[in-house]
Amino acid sequence: MATLNQSEKKSLTFGAIFGRWEVTLILLIIIVSIVCTSLSPYFLDVTNLFNMTTNFMEKAVMALPMAFVIIIGAIDLSVASNLALSSIIMGLLYQGLGLPIWVAMIVGLIVGTFGGFINGILIGKVKLPALAATLGTYALYRGLCYSFIGDQTVANFPDSFLNIGLGTIGSTPIPVQLVIFLVFAVIYGLLLHRTTFGRFTYAIGQNEEGCRFSGVPVDRTKIIIFSLNGLMAAVAGIILAARFTSVRVDAGLGYELDVITAVVLGGVDIAGGSGTIFGVVLSLFLLGLIRYGMSLLNISGQIQSIAVGCMLIIAILVPYVTRQIRQKTRKQQLVE
Amino acid sequence: MESTIKQTSSRDFASTLANFRELVVLFLTIILVIAVSIRQPVFLTADNINDILLSIAVTVIVAVGQMMAIVIRGIDLSVSSTVGLVAMAVGLTIRDTTNFPMGIAVLMGIGLGILLGSVNALLIAKGKVPPIICTLGTMSIYRGLMPVLSNGEWVNSYQVPKSFLAITRFPIFGIPALVIYAALVAIIFYFFLKYTRIGREIFAFGSNPSASIVAGIPVDRVKMTVFILSGMLAGFGGVLWASRYGSVTNDTAIGFELSTVAACVIGGVNVYGGSGTVSGVVLGALFLGIVTNVLTISGIPPFWRLTVQGLVILLAVIVDAEINRRLKKS
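Protein sequence lines, in the order shown, are assigned to chains X and U.
When we follow my numbering, the leftmost residue of the first sequence carries the number 1, and every step to the right adds one.
When we follow my numbering, the leftmost residue of the second sequence carries the number 1, and every step to the right adds one.
Just so you know, not all the hints are guaranteed correct.
Below, computed lysine-lysine pairings styled on DSS-like, alpha-carbon distance capped at 27 angstroms [said to hold, decoys possible]: (1) Lys328(X) x Lys128(U); (2) Lys125(X) x Lys328(U); (3) Lys329(U) x Lys127(X); (4) Lys328(U) x Lys194(U); (5) Lys125(X) x Lys329(U); (6) Lys126(U) x Lys328(X); (7) Lys128(U) x Lys331(X); (8) Lys126(U) x Lys331(X); (9) Lys127(X) x Lys194(U).
Reference listing, derived: stretches of chain X covered by chain U, where coverage requires no fewer than 3 residues with Cβ under 8 angstroms from a Cβ of chain U [what the hints assert, rightly or not]: (10) 21-28; (11) 121-134; (12) 139-150; (13) 260-273; (14) 292-305.
Treat the hints as calculated values from the structure; they're not laboratory data.
For glycine and all other residues, C-beta sits at the position ideal for the given N, C-alpha and C.
If we strip away everything but chain U, and leave its shape as in the complex, we get (with noise of 0.2 angstroms):
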């Protein structure tokens, strides 16, 4: 009995957390955004907001699956490898063959990840690999695969059609797609993950996996469905990726997994698991890209972005873990 309460205070109080979290990044943003727009004019401009938008488009996409395998105490990191993967296969496929219909290029990606990450899936639910081993070993794979697909070779941007380059441009209420592509992704998995049933049993899963075991449960399929999700997404991701620089290499969005788990980790998603919101990693991505633009805009010189988005990292958990802690003791 006394254990059931507390279960029950402690999951009231992951919530407020992760919604306490969220605000507190808004509310970052927010200052940031009018400190900045009060010092550069150029920041609200639409031509600069399209850009910061634009630039955090995949990333979005991308994090939403990071997000649900961080819930279940997992992390995936092959997301980076399928999104190469993925681009190099459209990429090439699109290359090579007259006249593809987009859509079906769009779907291909899709598949190929759903593909991708039923691999991650079954590895996982089915032959308990630890996730972060797991999707170490996929991710190196994966990258592998790509050369393997290419012989080397890169897509670049004028070997593709111009329709193929549209899929992320053409504009929609003045909006390039991209934006509502991601837009569209983050209000589709906000409510899946509020009201069907597989996702609560995310977050029951996540929160206490052998309570959720004993509540019935059914533990493998939220692994897999979570891994799928996540792999599905970066191949979405990857087609997206393709048709916005145009050029595919072998190196194509590498290291860009850390970056999908630092939107989630600024966005207030919490690392041990358990509790995390869309749009805190819409937060967290749209922090890290407006940081990211203001360092432009600013004329500061390219070389301190990444010291400036490892300080904001680390303050950003260091907050989160310093209010985890007032928190506790109130």
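In isolation and in its complexed conformation, chain X is listed as follows (with noise of 0.2 angstroms):
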């Protein structure tokens, strides 16, 4: 009976809403984008909106392998901390040690690669609970970030660094950390949806038990998708690194819940199993757009984050009610 229910409501996850998600968000985009400009005649200027997904970039980009985490079932908590961390030693090698900034660069993104090679490790292969391993390395990173630099700050980065995060390609108005997102955005999508590693994220969300009886290398694509999300959370640092000109301990303080916010709106279900990388891409903008038209009407930051916590909860709610009322129909005419 419990299995029926859940196979009936798979399929129609998979059918119903899974297939009309994007469609949902991009009608919502469209609602956004008409009330915004219906009251401010400032939010459909080109500059402004290219200008307006600097914002977001690094959450963006941290997205696209959350995807995956959260699609094979698990969670992680310790992104933010990560970014952080691998930037803080990427400054310290440029400015302590006088390292040229390609290096240092290249050392931070091995090093988040590594913060989240540990995680995989200790979710892959020491078998802990992704909540619990990922709360602890949430402390560890941060906390070390506290240890190298106290209350510090690590800046005086070259230009053609910060370039990544101030610049613009060549004299169009698009960001470069644009770019840089919609190429991972790209690789992303095509990595979950057209290689056999994108199946076996699916495939270990939907039934890990069954996965490791079939000979899907379970642990080892656990391991490989958190490496990717620490790879990214170093991406994340090196753009808002550039983009602040400077990096504190507080660097992306409480970003990993913006992440995870947007990938869950983005059609990505929590419980794993299912979820698009267009979907979270559609999602991020959407929250872009709602933040910036409420910048726009002086909405402060914080109120703001009162109608992306209403969009979350609406985004799961409204789903499951129409599916209720779906069933109760279906059971009826079952019984009729």
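Since each chain sits alone in its own frame, please combine them into the complex, following the hints.
Set out below in structure tokens:
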């Protein structure tokens, strides 16, 4: 009985909601754009719109691999701490040791990937629950930031580096970080939807036990996914350092929850097993537009989070309620 | 038949594990206390013990609610914002009303907490929103309501009457009231979870949701109860927070939800649900509190605190997983 219900729910998720969720997001983006345009004449300004994207690109690049993490039914609370740690080490190598910036960046990326790899080992090999393991590394990585630089700031990056966060492509208003994000979005989209690795990811989220029996390398897939999450946290760290031109210990504090919000709003099932990169990208832009629109209307950042919180809950509640109504009518039909 | 046997044995297994886990934490705590008191005689002074207990009191109160949420395979991330919002609401009321009765202030905080918890409860039990999503959402919403209430202002300790600050400070048998409150909450919830019907149902549901539905346990009511109680405790924690620190800002208690989860995880609450004890949570919070205190009195720069806390959490869960595996093998 329970299994029947579950499979029914799964098929409904896939057929009815999964297929339409992206459409819903596009409609929401259009609605938000129309409302904001009518409220503020500055909303549809091309330069403004491009500038607006730079406000959430750090979170956006982290949301891509986070989709994988949530699809396998796990969670990663440590990304924001990993972001801070990798960018601080990068900054220290450049500033303290005088290494060339590109070497420092590569080391930063390695540190981030290694941070993710540790999560992967803890979850894939030591079999810790993802929530507990990443809660530990959440504190540990942020703690290491404090241990390294305390209340100091790492700054004085070269102009060529700052270009990543502040520059645009040629004389167009297209920000460099937007291009970086889009390239990664395509890569992660292909990885999830066009490769065996992507199929494994879904399969683990659907039925981990079954995967083990059918020879899917579950542990290795998990380790790779968490390492990718660490890598992208480091990428986000580079973008953040370049955008703010400095790094402090509280860099990206609390971003992990924003990233998870974006992924879930993008239609990735928190219980695992379903979701698309396209949905995540759409939800990132939807959230960005909402925040941008509200900023134009002089609504402060903290109050904007009320809207984001409501959207998150409504996004989950509405499909459930419609599914419930549909199931009721179907049951009635069966009875008749 | 076979499956029933399996289930009882796995439940026994879970409870032995939980007991065992607590003993490990207790053992580690005692070793830590002995080791530190030999090297740092100041550790065992009444003042220092007082400091430790004061520092963990609010965490214990809120973590008890968190524990119940984790036991039913959920989590309550909104507790930090509930603490903040209630602290702000009560703080502003106290500041702006002359001669506001303190008893009413406490009740107001608890009531507000129940209200905020009910929102979670309804969404989770009736709306079937997964707890992690629901409370992630309400965490943002409640945090966002704080500047709406306060207009971006702070509540400062000099603006509130001494009698409000005294709520957590007046001594009962020489012990600060705040510590007594935490102890009372722990004792009440210990008995509530152990000896009341709904308390048992919380564990039954957590260890096997589908079986408990078949067994006729009112699942929705269990979920509602847990999240309302968690909100209530967070509300109580909010009043105490405002009274203890005297000042409330929009960032009050930010990130506190993870401290409460950490106390649970160290205290042996199974993050997959089904098992956990109040005494474990108290021990978990105490262990973290002692570690933090030891770092402070040993003169280690405060910048190392979080690193050590992270290591402690990781060690606790790794030990947990290892014991789990050993027990399963034998």
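Structure-based check of each hint:
| no. | hint | in the structure |
| --- | --- | --- |
| 1 | Lys328(X) x Lys128(U) | holds, 16 angstroms |
| 2 | Lys125(X) x Lys328(U) | holds, 17 angstroms |
| 3 | Lys329(U) x Lys127(X) | holds, 15 angstroms |
| 4 | Lys328(U) x Lys194(U) | holds, 26 angstroms |
| 5 | Lys125(X) x Lys329(U) | holds, 17 angstroms |
| 6 | Lys126(U) x Lys328(X) | holds, 15 angstroms |
| 7 | Lys128(U) x Lys331(X) | holds, 19 angstroms |
| 8 | Lys126(U) x Lys331(X) | holds, 20 angstroms |
| 9 | Lys127(X) x Lys194(U) | violated, 30 angstroms |
| 10 | 21-28 | violated (count 0) |
| 11 | 121-134 | holds (count 8) |
| 12 | 139-150 | holds (count 9) |
| 13 | 260-273 | holds (count 5) |
| 14 | 292-305 | holds (count 5) |
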